[in-house]
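2 protein chains.
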Amino acid sequence: MAGRTKYLLDEDDLPTQWYNVVPDLPEPPPPPLHPGTREPVGPDDLAPLFPQALIAQEVTTDRYVDIPGEVLDVYRLWRPSPLYRARRLEKLLDTPARIYYKYEGVSPVGSHKPNTAVPQAFYNAAEGVTRLTTETGAGQWGSALAFACATYGLDCEVWQVRASYDQKPYRKIMMETFGATVHPSPSDLTQAGRKVLADHPDSTGSLGIAISEAVEQAAGDPNARYALGSVLNHVLLHQTVIGEEAIKQFELAEDTPDVIVGCTGGGSNFGGLVFPFLREKLAGRISPEIRAVEPAACPSLTRGRYAYDFGDTAGLTPLLKMHTLGHEFIPDPIHAGGLRYHGMSPLLSHIYELGLLEAIAVPQQECFSAGVRFARTEGIIPAPEPTHALAACVREALRCKETGEEKVILTALCGHAHLDLPAYNAYLTGQMVDNDLAQDTLETSLAGIP
Amino acid sequence: MAGRTKYLLDEDDLPTQWYNVVPDLPEPPPPPLHPGTREPVGPDDLAPLFPQALIAQEVTTDRYVDIPGEVLDVYRLWRPSPLYRARRLEKLLDTPARIYYKYEGVSPVGSHKPNTAVPQAFYNAAEGVTRLTTETGAGQWGSALAFACATYGLDCEVWQVRASYDQKPYRKIMMETFGATVHPSPSDLTQAGRKVLADHPDSTGSLGIAISEAVEQAAGDPNARYALGSVLNHVLLHQTVIGEEAIKQFELAEDTPDVIVGCTGGGSNFGGLVFPFLREKLAGRISPEIRAVEPAACPSLTRGRYAYDFGDTAGLTPLLKMHTLGHEFIPDPIHAGGLRYHGMSPLLSHIYELGLLEAIAVPQQECFSAGVRFARTEGIIPAPEPTHALAACVREALRCKETGEEKVILTALCGHAHLDLPAYNAYLTGQMVDNDLAQDTLETSLAGIP
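These protein sequence lines are chains X and G, in that order. Under full-length UniProt numbering, think of the first position of the first sequence as 1, with each following residue one higher. Under full-length UniProt numbering, think of the first position of the second sequence as 1, with each following residue one higher.
Just so you know, these hints were derived from the structure itself, not from any lab. Note that the structure is predicted; figures quoted are calculated from it, not measured. Hints are not guaranteed to be accurate.
No copy is singled out in the list; a pair is fine if it fits within one copy or between any two copies.
[What the hints assert, rightly or not] 35 Å max Cα-Cα, derived DSBU-like pairs, lysine-lysine:
hint, residue 1, residue 2
1, Lys6, Lys321
2, Lys195, Lys6
3, Lys6, Lys281
4, Lys195, Lys407
5, Lys281, Lys91
6, Lys248, Lys321
7, Lys407, Lys91
8, Lys6, Lys248
9, Lys407, Lys281
10, Lys91, Lys6
11, Lys401, Lys281
12, Lys248, Lys195
Okay, chain X solo, but in the shape it has when bound:
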């Protein structure tokens, strides 16, 4: 199997357990706190928002969690996903590096998001919930939850960040085709939305605001729960099918990654790919560098503060210890809508603090330049989010060209850009700008951390 263009696994090789990195870490991550008492939150605090099964997964210290058969049956529609060797990109870059990408765009909605949407919908349906609310940035998560809800017969209501709602009308249609209802956020349907609109009638929204709206709606309806597409432990847990498959695929390729790069917004695609490799690294079996790549316009790991902060703008969530730009931070409307989040997964933030991964921030034009090169060689037009990983991958491959090192680079290609093509149009027609975060804007926003 060495020497192939792609490394495929059969349905029998689908992982049957998710991997929980927490028990393998040298110390556990700090717990979420109740904003009033500043005491660790318990299951009862989370019960209005999440079903019991997911609350249990959020705090479990088991190394492995079984994947229900009903979830595996849906995963089988697109999983295992392929691992590619980017031979044509390597040739274009004239690099001695070997570049691999794990491609999640084969899912029904074109990204990694259904990996967690499906089990989240399953566990909610199993506990009698009939309606799920959520936010969506780029629209990938909303589409994924819409598909998952169609699968298990749940109603699905999505607050889509206004910037994406306007830039990406096709995403709304996809969600509606799967049967969901979509609102732009901020909306006048919630107190949180109305408050933002009163202060900023032209608000382009943010994930933080949209989360406030969806949380508020779920908390007010006993038959409804809320679903989050990233950030939380159980979300990253579900995504580890990516990394588990990739490890098997590297065995087929008879190769081992030296550098693993992925984009980070809330951190779920990155964590999903990286955690199984981190397990192997902590056990001393491999020693890859692990590199998170974030947008220069929303650099939570590289320029944020590691502190307890709210996950949403209105302050409805528990306090999470994470790298944050401040919960009131509204990122510029860059095209990578899925990376426009003020915070970072607490678990990834903790791992970063432990020194187990590094992080860089990249401006968006460099990212789209890498995306176009990738499309013209590998055929896949990458979503704006993973162009950040590709930009870092190109940097590394060109470094290898200078030094002659034959490094093995693994890139998380978490989705395609079919519904994000206006972003490429902006890039190709010279209408894209690099929105670096100004220091004074950052300081104002950091001052809002409670």
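Use these hints to put chain G onto chain X, whose structure you have.
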């Protein structure tokens, strides 16, 4: 391998030859004629439009044609494509039928079109051509050729049918991302286009007009050639990788199709899937019913005339013996842009006349209804074109439910709808109408056949 959700082949199982059905037919298809002399056209007549290798493939009587290694290397980016068992759709329909679909949406552009775009670009590049011109309806073919030209370093210029150009702006961006130049058709860049615009300034265009424009441009530039995405023998030849793979995959599934349904516009996806199965049927090894499904608004097989007619509107092509609605026919702007062609592949037309396949026409709302059911069970939102095949598949499955027959249905799912989502929006919001072709319109158009 029986009992799976999907049947995958490895790169080693990629077909290394295309299959030519012509020598296996009881009689050969009638040749194309020169419009002036009404004599069969020779290679010299076609040389201004196509490279020698493709002209040779157009008339070959060899049963198999080797696929060049350079083409296989690009096919490997997405081929072999998966064969799925639609277990969740079967359950929804409560049918004893077993439904399989061969999914071509895994290609870089989301359809079967790159299967022929890649070899066409390869052979042109090998003979020193530097520029390819073409038309595109739904945009799938233009995207495929844009990708293929990027792969071999050719310039690519696409005339996109105005109705699709306006309905599907994302397609244009995809073509441009791959490096192509895109014009709406009719355009004022060609004599053919200017003539149409003079008579019909608001023309929504047609494949026939767009072909005239692309052919005119290629014929006027010695470094350019023209590429066609369907209809011709060499195009259908290249598409037979679909059927060859499907036959191997049915062996893995330990099953045999009783009914094969596919949509027909120019006929390339249908021929590509069907011809290898037809070989097996003609050899007496299997006996499936083979059913072409066309839109009620553009029913060339079911309501057209079997006659010599032009392939384009302006009358620049050789005369082709085919089922045609008349070369001046302009179909209503239905959403299945890829099926808006006045004629049908001469080879498929001939096979239809031989009684080796049947044909039905289906109105578009029934098609989109099937498409939504499919999306909500199987997760893939089908392109408007293959919703026609799915509508026929649903009809057959529901017939089986009534009769209790456990038929095995194979459907050609030739692409996804990511760039066609406005069509689903029209359907979901009740803005879609069924444009059945009026008899008097048809008779006027048929009168234009030379």
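(message) Which constraints among the numbered hints does this structure fail? Numbers only, ascending.
(response) 1, 2, 4, 12
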